[in-house]
Each structure stands twice: as C-alpha cells, then as structure tokens.
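Q: Based on these hints, arrange chains W and Y on the given structure of chain F.
So the chains spell out like this:
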Amino acid sequence: MFSFTQPTKRTLRHSVIAAIAAVALTACGGSSSSNSSDTSATTTQDGAVDLRGQTITVYSGRNETLMAPLFAQFTKDTGITVDIRYGDSGEMAALILTEGDKSPADLYFSQDAGALGAVEDAGLLATLPDDITTLVEPQYRSTNNQWIATSGRARVVVYNTELVATPPASLDELLDPQWKGKIGYAPSNASWQSFVTALRVTRGEDAARTWLEGFAANQPVAFEKNGVVRDAVNAGEVSLGLINHYYLYELISKVGQDNVVAKNHYFKDGEAGSLVNIAGVGILTSSSKSAAAQALVRYLLSTAGQSYFTLRTFEYPMTPGVIPFYELPTLEELNPPAIDLADLRSLETTQAMLSEVGLLTK
Amino acid sequence: MTRLLRAPVALAAPALLAVIVALVPLVYLLDTSLQRGLQSVVSEIFLSQTATLVARSLALTVVVTLACAIVGTINAWFVVRSSVPLRALWLMLLSMPLAIPSYLSAFAWITWIPSFNGFFGAALVLTLASYPYVMLPVAAMLRNADPQLEDVARSLGVGVFGALMRVTLRQIAPAIWAGSLLVALYVVSDFGAVAVMRIETFTWVIYGAYRAGFDPTRAATLSLVLIAIALLLVVVERRVRGRTAQRVGAGTARVSIQRSPLSVALPALLVVVGSVGFGVGVPVVSSITWMRNGSAINWSEVWSTIGASFGVGALTGGATVLLALPVGILIARFKGRLTDFTEGAVYVTHSLPGIVVALSVVYFGISFARPLYQQIPLLVFGQMIIFLPLVVGSVRTSIEQSRTVYEDVSRSLGTSRMNTIFRITIPLAMPGIAAGGALAVLGAVKELPTTLILRPTGLDTLATSIWKYSSVSDFGAIGPYAVALMLLAALPTAILSTVTVLKVVR
Amino acid sequence: MSALELRGVSHSFEDTPVLHEIGFSVSPGTITALLGPSGVGKTTLLRIICGFETPQRGIVTINDRIVARDGESLVAPEHRGVGLVPQEGALFPHLTVAENIAFGLQRRRSSITRQRVQQMLQLVDLAESADRRPHELSGGMQQRVALARALAPNPAIVLLDEPFASLDAALRVTVRTEIVDALRRSGATALWVTHDQQEALSCADEVVVLLDRRIAQHGAPVDLYRSPLTRSVAEFVGEAVRVRGVANGTHASSALGELSLTQPLHGEVTVIVRPEQIELDDTQNPQSPQGRVIATRFYGHDGEIDVRLHNGEVVVARLHARLLPTVGSDIALRVIGQALAFA
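Protein chains in written order, with numbering that gives the first Met the number 0: chain F, 0 to 361; chain W, 0 to 505; chain Y, 0 to 342.
Next up, chain F with everything else stripped away, as it sits in the complex:
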C-alpha cells in the first residue's frame, strides 16, 4: 500500500480529507436547508432523519483497499450502514444479470462504464433523480440517466525522461520504428482494452485493426499489470508505457519525486489515446432502499467523496466543485474523444480482435 510506507504523508493527507469533508458537509447541509422549497431537497432532508440505521448493500467492482475507508466515513456521517460485496466489475455485472429483479444489491459500483451499460441494458437500473444527474457533465453519465460517473481516469503515455527527449505526439507516432521493442503495455488490463474499444469506436473496425497490427509489429513488451509497466519505464527497461495517468503518482507518493524519472504525456488530441474512462454507480430497480442508495451516490459526488478520489487515487473528480490534483491537466484540456462511454461495453469484440492480431493471448 503506497500510503502505508509514508506515515507522515498519510497523516497529512487524511487531515486534508477530513478538513475538506467537514467543509463539504457544512456546505451540503447549508445548501439543502437553503433549498428547502425544492422537492428533492426536502426529500433528502426528511430522508436523512429516516435513513439513519438503514442498511444498504453495495456490489463493488472497485477494490476494497480503496473503497473501505470512504464507505466507513459515509456510515459515520449518515448513519446508513453499508454492506459491501467486492468482486470483479464484470463478474459483478454477470451476478446482477443472473439475480435479475431479485438482487439483494441496492447499488452497483463499477470500475468501468461498459459493465454499467450492460446492467442498464437489462433494465435493472433505475433512473437517477435530477439533483444527482445534474452534478455531472452529460458525457459522464448514461443517456437515460441510469448510471453516473464518480471519478475519471485518463489514458497516458508514461515515458522515461532520461531515455526519451520528445515523447510521441499521437497514437500513430507510437507505430514509428524508433519505438520498436521499447513500449510496455498490460494486455490483460481492462483499461488498455477500453482504450482499444474506444479506438474501434472512433476510427472504425478496419482502421483500428490496422493500428493494432502496426502496434504489434513494433513488438511491444507485455507486462502483467499497469503498475509493473510503470516500474519498467521508471527503471528504463522500456522507454514508453501505455497506462492510466494515476499510476505515476502512486509511485511518486511511494518512493518520492526524487526517485522517479518517469513522466506522463497526454496526447490531448480528441483521439482514443486521450480516452477518459470512468468508475461509476447505478441504483438497482429492485432496491427497496433507493433513498438510502441515493444518499450514498450523493455522498460519492459530494465534495468529501470527490476529494477522496482526487487525493487518494489521483483520479479526476466528476463534479465541478472539486479541483483535480494540481499536476493534472483539466478534463477540458485533455480533449478526450467524443464518444458515448456506454459504447465501451463491446469489450469482448475488442478482446477477440486483440487475440487475432496477437496482442492478447498466445
């Protein structure tokens, strides 16, 4: 755990979170009391009293080590107990699809927009109230408002500054022979596969395949996990790595800036290489405790929740009130491709294509 090795930093960060949370809660309380005429806000306020002591069940595709402290804080703040089942996002989706309308889950928390889209397609997600959906830009929630993003992660090229003076400026420059055998990637990682899915969506199947074939011809080096790719770049084993933006900051917070020679490079070109994928939530239609579930969604999107993601994982916050980690470009600057994130659910087709060009399996 990156924060465990640096007790001073952790303490510092926790106090920051606590401070922000306190401010946010005050703000929330203030806003709901000031908007007492608004129907949804009234519901919230009345509900907050009723909801104390309720228990909701969350199926979480996000990892326990990350999520447990946030859920614990939610319980402490709201009096709503949360039973959390952790698992793989996709398997959780399969579980909900199998359980159907008898699912004991109230809320589904996914690492990935595609899985949320699949559950939505099965008609198992309820439409979220407007006071929640309006917190987030339309491209980061479903068109039917049945799921909503809670944080974002950007695709980057991480590069070793000692080996690389000018990182490639676009996806196609990655195919340049000068990078032959010098690019690291994590073929079984879901975010890499999401990036390829976005490539298929933006460029079309044929063009995507051509790019992948070119990439394969450049003999990229496969690693087990994104974190291992990052370490390999930092150690100079490879020059470039295709990963998500936050892995670099994990490393920095673990070993200190002085020991890191790797740096993130953003394409910012509206292409799949600038994809911002999300983690998000949806409330199940079968839930009999949707008020409490909504309270959790609001909490995740509150200043406290958003700050937690920002500070703990360096992910992008989804609400305008919270500022991203200072080293990150803003979401607007990133210029991600204009695609419907729900389209990322054709992941299996992506895997088949990756296998065919020899980038996934042997």
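Think of the hints as simulated: they come from the structure by calculation, not from any bench.
Heads up, a few of these hints could be off.
[Stated by the list, open to error] Part of the chain Y face toward chain W, derived, beta carbon under 8 Å:
id, residue
1, F12
2, L83
3, H93
4, A294
5, F297
[Stated by the list, open to error] Which chain W residues face chain Y? A few, computed with CB under 10 Å, are given here:
id, residue
6, V61
7, T288
8, T419
Ideal Cβ positions, reconstructed from N, Cα and C, are used throughout, including at glycine.
A: Frame of chain F, contents of chains W and Y only:
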C-alpha cells in the same frame, strides 16, 4: 439398472440428491443458453472460433495430463521404490503443490520470468500444480502392487527397466488413468493459471464472456461445450479403465518392496528435485520475498482470514464427504447403468470453471433458497458441487479395494445392509474417506471464483484476500496471506499424502 | 426337521447355467461336506443359502422356514441365521479378535456378550488372543477366530467356504482337526464347501458331491467311496485305477484278472479299483496278472508303482514302502475285494 433399484433407499436417496446437486449447473446452463433460442446456441457452438478453442484447450489438456502422468508416476516410484531416506518427508514435499493455488503459482512464475507467458508457461504451471493427483494414487498402488510379478519378469530375462515398463506399469495403470482424469478435468476448468499466462482456452473465453462481454448467455453456451469435452474425457477414461488389469489372486500382496539404490534412481531424483523446486520452491520463495518487501502486516486481519478459510474449508470438507459417501458406496458396490450415470454426472461438473458453478448456485439460490442466499450454507453448497468428484473418486477407490466378503460375513452375522455399511464398509474405507475429505478441504481453502460470488458479504478468506491485494498490485500485502494459505493447506496435504500412500488410518 | 434343505434349486448367470435342480438336506448337529471341483458352482450355492444370490428356481429352507423360493428372497441374509466362514477367514481388520467374535451379538457391551465371547475364545483355544488384531495372528488362528465369530450368535447352520485353501499342507491337517473338534464340541450344524476329497471324507458325516452343475451323489463318506453311483463320482472321490473288462453278471474279466463286482452287470464295462486294492502277488499263481514296473513314487510310509500290464494298460498300486519293487522288475498282482464296474 436393476442394481440401483435394489440398492437400499438410504443409499439411493442421498445418491439421487448428489445427482441433483451435480445437475444444478447443467440446468442453469441449459436454461441460460436457451434464452436466445436454440438457433443462437447452435450458431454460437458452430462458430469456427469454437473449433480452434476446443483444439487449443484439448492440446493444453493433453500436454498437461501426459506430463502429469509421467512426472507423477516417476515421483511415485521414487518415493515408494527407491532407497531414499526420510521417505514420508519426500512424499509430503512432493504433495505440497496441492497446497498452492494455480493462480498463486502462475503469479510467482510470471513475476519471476515475465516472458514466461503463453502455452508453455501455462502447461508448466498446471503440470507442477496437478501432478500430485497422479502421484498419490500411483504411489498407493505401487505400494500394494505385487513385487513378485516383477521378480518373475526378471527371472524370465527382462531387465529392471523392462520389468518396470512391462509388468509394474501395467499393474499401476488404473491409478494412472484415474489420476489423469482428475488432472484433465482440472485443466479444462482452470482459469487462474490460464489467465495469468494469457492463453486463450475455453475458460478464458467463458470468463471473457462474463467479464468483458457481460453476456451470461454466451458464457453458458460455451460452457456446454466444456461439458461435452468433460463427457468425452469421462467416457474415454472409463473405457480404458475397463480394459486395464486388476490384481488377480486372493489376499493382499505381501509387501516386501525391493528398493532401488539412489544411484539407479538418479534420473528420477532430477524429476523429484525439479518438481519440488519449481512446483513448491518458486511460489514459496516468491511469497516470502513479497512478505519481506511488504510493509507492516495487519496480523489480526490475517488471523481472522485464516479462521474464515479454515471454517469454510472444514464445512465444505465435512459436507462433501457426507454427500460423497453414499455415492461412492453406490458406485463401488452397485454397478449398473444408473450408477454409471450418477458417476458421470458427478464428474462432468468438475470441468466447469468456478464462476459458472457459482452463478448456477446464484440462479437457484436467489429463487429457492433466499434466506440462505449469500450465506455460508450456499457457499459450502457451491464448493461441494466442485469438489464432489474428488471425494467420490477417493471413496470409490478405497471401497473397491476392500473385499466384499467382509460385508457378506457381516450380513450373515445378522447385521442389516445399512448397519453393515456403517460397521464394515465405512471403517474399512476410512483412509480413502479421510483422503477425500482432505482433498475437499484443500480445494475449498484455495478456491477463489465461487467464494468471491457466494461468500457472505464481508467474509474474507485467504484466497479472496490474495485476490484483493493482487488486483491493486500490492505484492507486499499478498505475501502474508499467500504464506498463511500454503501453511494452512500444508496440514491437509500432509494428512492426504500419508493416508493415501501409507494408510495410517486403519 | 432339518437345519437346511434345498429343493430343486436352479440358477444361471445370464445365459450360463451354474446350478441345476439341486436338492439335499442337512440334519441338525451334523457336518455335511459339499464336494466338487473348482468352478462347479459351490460358491454360488453357498451365496444362495446365505441370501446374497436369489435362486431363479427352487426352495431354500433354513430351520424349516422357507427363506427363498423361485426367484424371490423371502428372508434377508441378516435374518437367516447362517454363520459364514469364508476363505482366509476374512476377519474384520479394523476390529480385535474379541470384537470380531462379538460382531454378530446383540448388545455388544453387555456382560452376556462378554461371557459368550469368552466361551467362544475357549472353544477355539484362543483365550489369550482376545485383544490382538487379525494381522497379528497366524493363518490357522485366523480361521479359528472366524469360526468362533460365526458360531457366537448360535446360527442354524455354519457355512465354511474352502476354509483351508490358503493354508500350507502341513498346517492344514492340524487346523482342520481343531476346527472339526470345535464344531463337534459346540454341537453346531455345518455345511462345508471343499474341492479336497480327503478333507470331505475325513471330516464330514455326509458328503454331497456336486459335478457338472448337479448333485451326483449324497451319502456317508464310506458309501461314497465304496459305492459310487457313477463313474465320475468314483473317479472324483478317491483315486481310481481304470481297466477295460467284460462283465458276465457278478464277475468281470480284465487285464487284472477275474474281478468280483459290487453290482451285477453284463457286457463291455470299465472296471474301477482303488490303488490300495492292488497288491503284489508272491504266490507264484500262474493265473495272476503279470506286468512290468515302469515308475515308482516313494511317499515315506508308503509308495505307489505304475505297472504296465500285458495288454498295455497301466495301473497304479499303493504299497507299503518296504515292498516297493524297482523300476523294470516284472511282477505279479492281485486285487483285494470287489471292483466297481460301469457300462
């Protein structure tokens, strides 16, 4: 056919229950795959890609099974027939891969040699993980094999090696086949090693259909193909087993084993050292290294996880033995078409990946066992489906080995058929029952996919903890759980190996 | 009253008939031997009596109670009151000697049971071995425990299935004597399955000969030996010397001379005498059959010679050891007692 009808209700009823239990996944698969109509099932199965997948899965299965048959037999021979000192210790060491989950072992290899992925890596890891399934029954049979036959062969002018190949190998062939079937079914169902080594087998695609395709219908259809492969394996094994020779003559073989001096056993020693070094050494050393490189360990969490794993393992072991006993007795003592079917049904399920079994339990549990849903009983139930064939096989073998005359005498002494089972059959089969129980405990302690889906909310086992930390690449945190899992699993493994081979339990 | 009675019992496995119209009875307190060559269906018959097989036709009665009739088992094995002593004893390996003996007794922990076990241990002379395990006993001791175990619940009949087949020859006679003694002392009824005619003749009150799926003869050992009903019984029970002959009522002429017959017969016959009926004839009687010794076998206290008669037939004679002639000598023979003849 008539035999099963003649079997006592007290046996037939639980055996029927076992069949129903084993058929739970099948019913789920049929219903789920037919959701889009028969046409889509047929077209899915007859995709050209399916044939390639079947070929690749079968290739991996054949390679691993063959390798396990060879490595397992050599190791068994070494333990039983060479003059190595500390025989029991070697036996336990060689059995230890049973205590190591395939995903952990694969993970250890891939972090050590990252380029090790693909067919070869998967074949190696799976071989090192599953050769004990061959080694243990073969060692047991070698120990009981009649060494006089070898002597006769040698007196007829056949050399040591020739006698081994032409006489001894024939004698232990049934054990090699039975063990190989388990290996083959396991390889077909494994996802842990396959996922880490990134080889596109059937389980890879089935998991992909769940995780990436969010398409349980497609996953179910593909799983039906897996069932067909398993059926094929079971039928082949049964055919061959029927043809292999059993020991003739009354009484137990007089065990006066000729031990080969270590100089003769040197080539075997290489295999043995390789098995232990690569199969046990690599994952153990990796885990310890992770642990030492990791940060402070939360011991209370580790301890409670050990408790949960042990509890679930013990419950699964007990429940599976209870269900496997009547089935094993029935198969061993009331042969016939219906018992063949029972055995086949129980075995075929073993080929399914854990997630399929788990979702089939979800499918039934959510409707028919709601109060137990996501509770320990349904978790145990799911694991029972997976490990039933291991225990049934173990029970069956040991009952078949005990002579029916004991039961006849007991009946003639005024003891009813059921009482005879309790007073004679079960006590005499105790080593096999204990070994079967140990196998189920081991399986449950290592099991991940079913546990993840069926566990009570908030329950962490060693396997789920390893999963939890490995998915955030926190190797340091994996270390203590991996070490604890291997230590915890070492005990049933030791029991299993000594009981199977040395028959400590009477 | 009979302890065991079979009437018209027939049985086959799939299409292979194994038993045909078997009928005999065993009187209480007697030992009957069921004698026949290997593979004749003796074990199947035993399993039918025990109840592990149901005869397709016929009636099995134990203590005047019908237990099986025409393909239907009326009494389960455990309620038939038969005590089984299988080959090699088959002592339960997980139980001690005393526990083995107590196995068939009700309320195994009661003092009555303890007394009965003691009684049985004394009967087979194994009182000191009560707490030993079967694998610590010799083969003969195992057989005695197996008998004690079978006798303990006081069965209607004890069934012994080739009980000494696995013992070595020297031990066999001793153990056999001990077992018969114990059976006699306990007054039990027994059916004793064996392929060893010596065992059958020496131990049983009556012998049932099973040949070719049928009962060939049933009678006292002496009658069986002296008056076999068929040639195959004569040849199976005891050693037989066979020569061709022509019968004219009470006598038959053969290469062994004029022989007095046990039963009158006419025409060409096979004459059978026992080797011990043939003696050396030193009376110089010119009528005595002549022959040349072609082989001798020395057994210690006695021996056998093969003699080629003048017409080429070879006969075997059993002689006292000191009377054995050397190979190649020409000798004269005579036959003592009556000869058997079969058409």
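Q: Interface hint check: Y:L83, Cβ to nearest Cβ on chain W, cutoff 8 Å. Holds or violated?
A: 4 Å, holds
Q: Are Y:A294 and chain W close enough, Cβ to Cβ, to be under 8 Å, as the hint says?
A: Constraint on Y:A294 not satisfied, violated at 30 Å.
Q: Holds or violated: is there a CB of chain Y closer than 10 Å to the CB of W:T419?
A: 8 Å, holds
Q: Against chain W, run the beta carbon of Y:F297 and see if the smallest gap drops under 8 Å.
A: Violated, because the Cβ-Cβ distance from Y:F297 to chain W comes to roughly 30 Å (cut-off 8 Å).
Q: For the hint on Y:F12, does the least C-beta distance to chain W fall short of 8 Å?
A: Status violated, d = 14 Å.
Q: Using Cβ atoms only, decide whether W:V61 comes closer than 10 Å to chain Y, and label the hint accordingly.
A: 38 Å, violated
Q: Next item in the hint list is Y:H93. Is there a CB on chain W closer than 8 Å to its CB?
A: 5 Å, holds
Q: Quick check on the hint: W:T288 CB to chain Y CB, less than 10 Å?
A: 47 Å, violated
Hint compliance for this structure: hints 1, 4, 5, 6 and 7 are not met, and every other hint is.
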